[in-house]
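Undergrad: Assemble the complex: chain A is given as a structure, and chain B with the ligand must be docked to it using the hints.
In case you want the letters, here they are:
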Amino acid sequence: MDYELSPAEAAWRDEVRGFIRRNVDPGLASETRLKGNEGRGPLALRFHRALRDAGWWGIAWPKEYGGLGKSAVEQWIFIDEIESAGAPMLPLTVTSVAPTIMRVGDEQQKREWLPRINEGGIDFALGYSEPEAGTDMASIRTHAVLDGDEWVVNGQKMWNTMAHSATHNWLAVRTEPDAPRHKGLSMMIVPMDAPGVTVQPIWVWPGLRTNALFLDNVRVPRSNLIGDRGAGFYYAAMALNFERLAIGSVGMGRRMFRNLVRLVRERVVDGRPLKDEPWVRERIARLAADLEAGRMLGLETAWAIDQGRMPAAESSMAKVFVSELVQRIADAGCEILGLDGQLHPEEPTALVEGRMQWLYRLAPMLAFGGGTNEVQRDIIGFLGYGLPRK
Amino acid sequence: MRPEPTGEQRELQEAVRGLLSREVDPDRLLRWENEPAACDPVLARTVAELGWIGLGLPTASGGGGADLSDVACLVEECARGLLPRPLLGAIRSADALATLDPADPLLPDLASGRGRLALALDEPGGRDPRGWKTALSGPRGARVVDGEKAYVPDAEGSDVHLVAARDGGSTAFALVDRRTPGVSVQALRGFGGDRQGHVGYRAAAVLREIAATDEALARVQRRQAALALAEMTGGMAAVLEMTVEYVKMREQFGQKIAVFQAVRHQVADMGTTFTAARHLAWQTITRIAAGAPRDVEEASAIAWVGQAFKRVCWTAHHLHGGAGFVVEHRLRFHGERAQSLCIRWAPEAPALREIAAALLD
Ligand SMILES: Cc1cc2nc3c(=O)[nH]c(=O)nc-3n(C[C@H](O)[C@H](O)[C@H](O)COP(=O)(O)OP(=O)(O)OC[C@H]3O[C@@H](n4cnc5c(N)ncnc54)[C@H](O)[C@@H]3O)c2cc1C
Chain A
1 MDYELSPAEA AWRDEVRGFI RRNVDPGLAS ETRLKGNEGR GPLALRFHRA
51 LRDAGWWGIA WPKEYGGLGK SAVEQWIFID EIESAGAPML PLTVTSVAPT
101 IMRVGDEQQK REWLPRINEG GIDFALGYSE PEAGTDMASI RTHAVLDGDE
151 WVVNGQKMWN TMAHSATHNW LAVRTEPDAP RHKGLSMMIV PMDAPGVTVQ
201 PIWVWPGLRT NALFLDNVRV PRSNLIGDRG AGFYYAAMAL NFERLAIGSV
251 GMGRRMFRNL VRLVRERVVD GRPLKDEPWV RERIARLAAD LEAGRMLGLE
301 TAWAIDQGRM PAAESSMAKV FVSELVQRIA DAGCEILGLD GQLHPEEPTA
351 LVEGRMQWLY RLAPMLAFGG GTNEVQRDII GFLGYGLPRK
Chain B
1 MRPEPTGEQR ELQEAVRGLL SREVDPDRLL RWENEPAACD PVLARTVAEL
51 GWIGLGLPTA SGGGGADLSD VACLVEECAR GLLPRPLLGA IRSADALATL
101 DPADPLLPDL ASGRGRLALA LDEPGGRDPR GWKTALSGPR GARVVDGEKA
151 YVPDAEGSDV HLVAARDGGS TAFALVDRRT PGVSVQALRG FGGDRQGHVG
201 YRAAAVLREI AATDEALARV QRRQAALALA EMTGGMAAVL EMTVEYVKMR
251 EQFGQKIAVF QAVRHQVADM GTTFTAARHL AWQTITRIAA GAPRDVEEAS
301 AIAWVGQAFK RVCWTAHHLH GGAGFVVEHR LRFHGERAQS LCIRWAPEAP
351 ALREIAAALL D
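If you read the sequences in order, they're chains A and B.
Mapping of the first sequence onto our numbering: position 20 corresponds to residue 20, and the numbering continues sequentially without gaps.
Mapping of the second sequence onto our numbering: position 205 corresponds to residue 205, and the numbering continues sequentially without gaps.
Next up, chain A with everything else stripped away, as it sits in the complex:
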């Protein structure tokens, strides 16, 4: 048994940290905090360009597609360091959609989309959810019918985050109305500038923007249906698995926690150093242990992927544990900072830029989004421990 990073992994971590030191400044961190900014501000775009210039855009991509071919553990290290530094994450276009296209697209589709993604010219919004299709993705109603060499798409998507800045939509649509629910979906790439595409903003609790997307007789080239017809449900599940790797990272939690610890060390309340309060010490210590537990779950998942396994139960464990841990960090932060911590994030004197309150508002979505925790718990039971389904 060995729990230490290998020399190569440690060297990679240091390289990532060096990159972050050179390319992340406070301006970038504060830009990502602006209301309605989901990581597409000018400084974030500059950071993304630096990643591309370093050849790090496709860190997880195989070398044949212009990627770095890094292992899952190395990716995990990268995500963890980036999140921990408060830098904008790699877009899901690169970490979730592209790897799926690599695995399921035909040669022409790979040639058409991957190089453009790699150059930063394509940015996807992810169009799975609908008003009636949340956790139950197989009930998607948006549909596409073939008309000559084009698909004609009609329907409505919900929670289509980034649709207002994306170039394309990675859209789950029903193309086989007569097939069983799971076998009737396909994944399709829809350009956002296609006639008939309308985007309507939806603002959510933590101040983020997402969107409703309306598709009215939108015509899409036939070749934009990625991979096989009717396999969309499985492709979406694959893409979501890639996405979960990032949700299960404790990087953001660690950053928030680190900021909290820094504040606790220096604050004096009612004439006493906050750090001398026994309950504060216990809460902080408990969170530190939780973060380490979460780190183990994430790392194990990554390691199992490198062994050629599909660690579904492990990645679900990481997702459930970390999403609920983030909520505990937020709540502890709110309680520990007390009145000093309850200012609106836009108030200049708000401690840690109001991030504890923000995290308190963000946390629920980590638990029900990205594959809700109930379903993740089912997966842990079924796939992890072979519990009977019936």
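Incorrect hints may appear among the rest.
Taking lysine-lysine and the DSS-like style, the derived pairs with C-alpha atoms no more than 30 Å apart in a straight line are [as the list claims (entries may be wrong)]: (1) A:110 / A:183; (2) A:63 / A:110; (3) A:70 / A:275; (4) B:256 / A:390; (5) A:70 / A:110; (6) B:248 / A:183; (7) A:275 / B:133; (8) B:133 / A:390; (9) B:133 / A:183.
Simulated from the structure, these hints should not be mistaken for laboratory data.
These figures come from a predicted structure and were not determined experimentally.
TA: Below, chain B with the ligand alone, put in the same frame as chain A:
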């Protein structure tokens, strides 16, 4: 024992519920948040005319003469219906002033809604009254107050501040006109958009002084906490109710999500939490109303109910999924109030410390 509201209290709550369901909705709350007074003047007038603000004030001061339990019933229902926070604050601050001096000449104005009072207690250095530095000085008839108060709710929107201060070795309260020279308010927005302020008092002339004791200050704070408990149980009731409705209506996988055992169990836990919290809260509210001294059960209520409210909101958010996450949903207002009420009026740590001390020291 009779752990439920009286018929009269129920009637009051129904009347409140009727009005608020007509007059308050998330779109309006969002709009009011951006208005200078942070609430609708018409609603504010209606609420005052209906006697809600003055409900617990002495009849001689234009109030309804009701006791703390009745006021808490009102507040519970107001919280359930998301009455804008400045109006809930008006009920609270009127109670504080009446507790200190039931004959204060400002009370009729508060009852009628003509005047608004802000409670200036906490200071930048902390929340322990023993450490507060704001002080009164000067000869009789020309008294002034100096100091700094932090996170004063409604500091800017109010007409008068009730400032907790030191007067030599003892505690006193000073009523200070917000517009008097020497008062400077730095407006702040709290989590969820509520208005607060940092207030500096520099030789600010005192309108009136209320000699008090540490016990009087504690009485004010206990009643404020009692009203916070009522706000929390009201919010919890609303959150539980909307979640029960939602899981019975929302379908996934071809069935109501309420059919999933994992969902049912979470609703059951919310219900258990709410039921226990409500009784803990009301045991304390009724005891404070009856003038009982502070006891361990009171500390238990403080420690428990706030945490319960947060847990209930958290589960409700989870069960609503994306639908409850939009800024226009009622749920998120309750989620905000849960955290801010907890922080201001029901922090867990000091209450637990008090329980432990009672049991162990
Ligand atoms: C801010 C935000 C951004 C988002 N961005 C995107 C995006 O870019 N692209 C996209 O496609 N989607 C996006 N989503 C949607 C997100 O993926 C969904 O919210 C999520 O899938 C849950 O679906 P739902 O909200 O409809 O909740 P529902 O599926 O209706 O779930 C409601 C409750 O029922 C429970 N439940 C459901 N099924 C079961 C079951 N079988 N067993 C037990 N319990 C169950 C859930 O756990 C939950 O508690 C976003 C959502 C938000 C809020």
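Undergrad: Does each hint fit the structure? Answer for all of them.
TA: Status of each hint after checking the structure:
no., hint, in the structure
1, A:110 / A:183, "holds (23 Å)"
2, A:63 / A:110, "holds (14 Å)"
3, A:70 / A:275, "violated (41 Å)"
4, B:256 / A:390, "holds (19 Å)"
5, A:70 / A:110, "holds (20 Å)"
6, B:248 / A:183, "holds (28 Å)"
7, A:275 / B:133, "holds (23 Å)"
8, B:133 / A:390, "violated (67 Å)"
9, B:133 / A:183, "violated (71 Å)"
In summary, the numbered hints that this structure violates are 3, 8, 9.
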